[in-house]
Amino acid sequence: MALIEIKNLSYTYPGASNPSIHDVSLKIEKGEFVLITGPSGCGKTTLCRCFNGLVPHFYQGEIKGEVTVSGINVLEKHTYDMAKHVGLVFQNPENQLFALSIEKDVAFGLENLGASREEMRKKVDWTLKQTGIYDIRERSPHEISGGQQQRVAIASVLAMEPDIIVLDEPTSFLDPLSAEKIFEVIYRLNKEQGITVILVEHRLDLTAKYTDHLIVMDKGAIRLEGDPRDILSNEETRLIGVGIPKATLLYQMLKKEGFNLGDKTPLSSDELADQLLEAYGQR
Amino acid sequence: MIEAENVHYSYPSKVEALKGVSLTVKDGEFVAIMGQNGAGKSTFVKHFNGLLKPTVGTMKIDGVATTQSSVAALARNVGFVFQNPDHQLFSETVEEEIGFALKNFGFDSKVVEERVTWALELLSIAQYRKTSPFLLSGGERKRVALASVLAWDPKTLILDEPTIGQDHEQKERLRQFIMQLQSQKKTIVAVTHDVEFVAECNPRVVLMKDGKIVADGVGREILTDPAMLELSSIVLPQVAQVFTKLSSLGLPKDVIDLYEAKALLLKTKARLGR
Numbered sequence: 001m002a003l004i005e006i007k008n009l010s011y012t013y014p015g016a017s018n019p020s021i022h023d024v025s026l027k028i029e030k031g032e033f034v035l036i037t038g039p040s041g042c043g044k045t046t047l048c049r050c051f052n053g054l055v056p057h058f059y060q061g062e063i064k065g066e067v068t069v070s071g072i073n074v075l076e077k078h079t080y081d082m083a084k085h086v087g088l089v090f091q092n093p094e095n096q097l098f099a100l101s102i103e104k105d106v107a108f109g110l111e112n113l114g115a116s117r118e119e120m121r122k123k124v125d126w127t128l129k130q131t132g133i134y135d136i137r138e139r140s141p142h143e144i145s146g147g148q149q150q151r152v153a154i155a156s157v158l159a160m161e162p163d164i165i166v167l168d169e170p171t172s173f174l175d176p177l178s179a180e181k182i183f184e185v186i187y188r189l190n191k192e193q194g195i196t197v198i199l200v201e202h203r204l205d206l207t208a209k210y211t212d213h214l215i216v217m218d219k220g221a222i223r224l225e226g227d228p229r230d231i232l233s234n235e236e237t238r239l240i241g242v243g244i245p246k247a248t249l250l251y252q253m254l255k256k257e258g259f260n261l262g263d264k265t266p267l268s269s270d271e272l273a274d275q276l277l278e279a280y281g282q283r
Numbered sequence: 001m002i003e004a005e006n007v008h009y010s011y012p013s014k015v016e017a018l019k020g021v022s023l024t025v026k027d028g029e030f031v032a033i034m035g036q037n038g039a040g041k042s043t044f045v046k047h048f049n050g051l052l053k054p055t056v057g058t059m060k061i062d063g064v065a066t067t068q069s070s071v072a073a074l075a076r077n078v079g080f081v082f083q084n085p086d087h088q089l090f091s092e093t094v095e096e097e098i099g100f101a102l103k104n105f106g107f108d109s110k111v112v113e114e115r116v117t118w119a120l121e122l123l124s125i126a127q128y129r130k131t132s133p134f135l136l137s138g139g140e141r142k143r144v145a146l147a148s149v150l151a152w153d154p155k156t157l158i159l160d161e162p163t164i165g166q167d168h169e170q171k172e173r174l175r176q177f178i179m180q181l182q183s184q185k186k187t188i189v190a191v192t193h194d195v196e197f198v199a200e201c202n203p204r205v206v207l208m209k210d211g212k213i214v215a216d217g218v219g220r221e222i223l224t225d226p227a228m229l230e231l232s233s234i235v236l237p238q239v240a241q242v243f244t245k246l247s248s249l250g251l252p253k254d255v256i257d258l259y260e261a262k263a264l265l266l267k268t269k270a271r272l273g274r
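Protein chains in written order, with our numbering: chain A, 1 to 283; chain R, 1 to 274.
What the hints contain is simulated information worked out from the structure, not anything from laboratory work.
Quick caveat, the model's predicted, so the values are computed rather than measured.
Treat each hint with caution, since some may be false.
[Claimed, not checked] Capping the alpha-carbon separation at 16 Å, the derived lysine to aspartate or glutamate pairs in EDC-like fashion look like this: (1) R:Lys245 with A:Glu271; (2) R:Lys53 with R:Glu3; (3) R:Lys245 with A:Glu278; (4) R:Lys245 with A:Asp270; (5) R:Lys212 with R:Glu5; (6) A:Lys181 with R:Glu230; (7) R:Lys14 with A:Glu143; (8) R:Lys269 with A:Glu143; (9) R:Lys212 with A:Asp274; (10) A:Lys255 with A:Glu225; (11) R:Lys245 with A:Asp274; (12) R:Lys262 with A:Glu257.
Using the sequences provided together with the hints, build the complete structure.
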């Protein structure tokens with residue numbers, strides 16, 4: 001059985017006249033790095049809230065269909081029962097930070113899971129270092145920059161070592177180099193620790209290269225799904241309004257002009273540069 | 001016109017966020033302020049509408065020091081869209097949110113109605129007119145915040161991270177709108193990390209680091225200087241990344257535009273007889 005299995009899921013927020021997600025079915029296997037993209041308001045965030053039961057347990061509203069995560073029927077379990085399985089990093093870090101120091105914020109989840117003092121110290125330090133906030137660990141999460149807050153939010157979820165980490169535009173407030181570092185951390189956790197990653201992003205320029213499973217949503221439904229190289233070369237993806245990485249676009253523009261760079265659609269500037277050097281006979 | 005002269009600013013916690021910043025932005029200019037988290041970008045632009053006043057130095061808007069006028073008076077001319085929309089939204093419907101400042105500025109109800117409709121359509125949120133802003137997605141809330149400022153048509157617009165949470169189409173609309181504002185001689189200052197967006201707009205770029213300005217010039221030059229960008233925790237735009245790797249072929253490195261890139265790469269193909 002797949003790690004996450006969603007069957008015919010539809011959900012309407014209380015007071016809303018239309019469903020935010022409509023008849024969504026989806027399978028995610030253990031160890032995948034899934035990237036979800038699509039126009040703003042297409043239901044990406046709502047779908048993420050289903051993985052740990054925030055929808056419908058916290059948000060209420062009307063739900064139909066099935067959500068199974070790690071063999072657990074999410075619709076019948078409490079959100080706190082899902083905390084060990086699914087870690088959710090929100091778009092807006094302020095929504096999840098509350099402690100008096102960064103360190104305490106990061107330790108909070110572990111405390112609640114009943115970790116020992118030594119174990120907590122070890123995991124918290126490791127996570128603080130991984131996310132590059134070790135040096136500011138004693139400061140208040142409310143007097144640091146938006147970018148630093150985002151790191152704290154990611155760290156507090158990572159510390160619990162969930163099977164699945166769901167990140168909803170986790171680096172939107174970060175400068176590009178810091179964002180890249182965070183994505184590298186997430187990618188390493190995925191490759192080395194086998195943590196399943198579900199990342200919601202508009203900026204495929206920064207993230208397409210990490211994924212093996214790309215999902216394009218539009219108007220509450222999944223419109224395209226599969227290998228990112230196929231999906232990003234599909235004209236429909238562009239028409240839905242997905243921002244195709246510039247390297248991928250440039251490859252397509254050159255191909256249209258009859259410049260043959262091979263069949264592999266590049267997802268990064270490195271890949272495209274290699275293909276160009278090869279075609280120019282420089283390798 | 002925005003004139004900052006040797007602006008220093010220290011937060012009450014004594015952290016010195018600005019350490020002598022001087023910058024002049026003329027009417028009709030589009031300036032992107034970039035730099036790493038904590039460089040002082042947001043602190044700096046909060047001086048433009050008097051939200052913060054310099055600890056040392058002077059900040060003038062159209063020749064008047066911000067210490068000589070109130071935030072309310074400055075707001076009429078300098079519209080500020082915050083990084084986080086939740087810091088500025090509070091009304092029960094999107095319509096009320098957008099009309100709020102207009103009413104406060106004393107426009108009559110017919111004008112308010114017209115301006116609200118115009119702003120709703122401009123940012124493609126007309127379908128949410130009667131909806132609570134808090135039921136909208138992050139990207140949509142950001143557009144409500146932007147609409148509520150655009151509605152009163154300020155002469156200068158300060159945008160703190162305007163592209164966060166925006167999809168490709170919305171970014172393109174924002175780019176076109178900024179160009180349109182520029183042609184009307186409006187001044188736009190955007191604090192942004194979005195290198196691809198800046199590469200597409202190619203504005204004047206100001207790089208900040210540790211409370212100071214470290215570079216100031218045209219986007220094409222600054223965005224293709226890897227050493228300078230790394231210093232500010234910014235990565236090269238993707239097109240420039242490709243050209244940096246092709247430097248052995250004698251191609252220029254300062255390319256950020258897709259169409260220029262395409263033309264250069266095809267020309268190289270012909271030159272190498274491939």
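Hint by hint, here is what the structure shows:
1. For the suggested pair R:Lys245 and A:Glu271, the alpha carbons sit about 11 Å apart, so the restraint of at most 16 Å is met.
2. Straight-line distance between C-alpha atoms of R:Lys53 and R:Glu3 comes to about 13 Å, which keeps the hinted pair within the 16 Å bound.
3. In summary, the hint linking R:Lys245 to A:Glu278 is supported, as the alpha carbons are separated by about 12 Å, within the 16 Å threshold.
4. A C-alpha spacing of about 8 Å is found between R:Lys245 and A:Asp270, which places the hinted pair at or below 16 Å, so the restraint holds.
5. At roughly 12 Å between alpha-carbon atoms, R:Lys212 and R:Glu5 fall within 16 Å of each other, so this suggested pair holds.
6. For the hint linking A:Lys181 to R:Glu230, the alpha-carbon distance of about 13 Å falls within 16 Å, and the restraint holds.
7. Restraint check for R:Lys14 and A:Glu143: the C-alpha separation of about 12 Å stays at or below 16 Å, so the hint holds.
8. Restraint check for R:Lys269 and A:Glu143: not satisfied, since their Cα atoms lie roughly 53 Å apart, outside the 16 Å limit.
9. As the CA atoms of R:Lys212 and A:Asp274 are separated by approximately 38 Å, the hinted pair breaks the 16 Å bound.
10. Proximity of A:Lys255 to A:Glu225 is assessed by CA-CA distance (about 24 Å); at most 16 Å being required, the pair is judged violated.
11. With a CA separation close to 8 Å, the supplied pair R:Lys245 and A:Asp274 stays within the 16 Å bound.
12. For the proposed pair R:Lys262 and A:Glu257, the alpha carbon gap of about 9 Å is at most 16 Å, so the pair holds.
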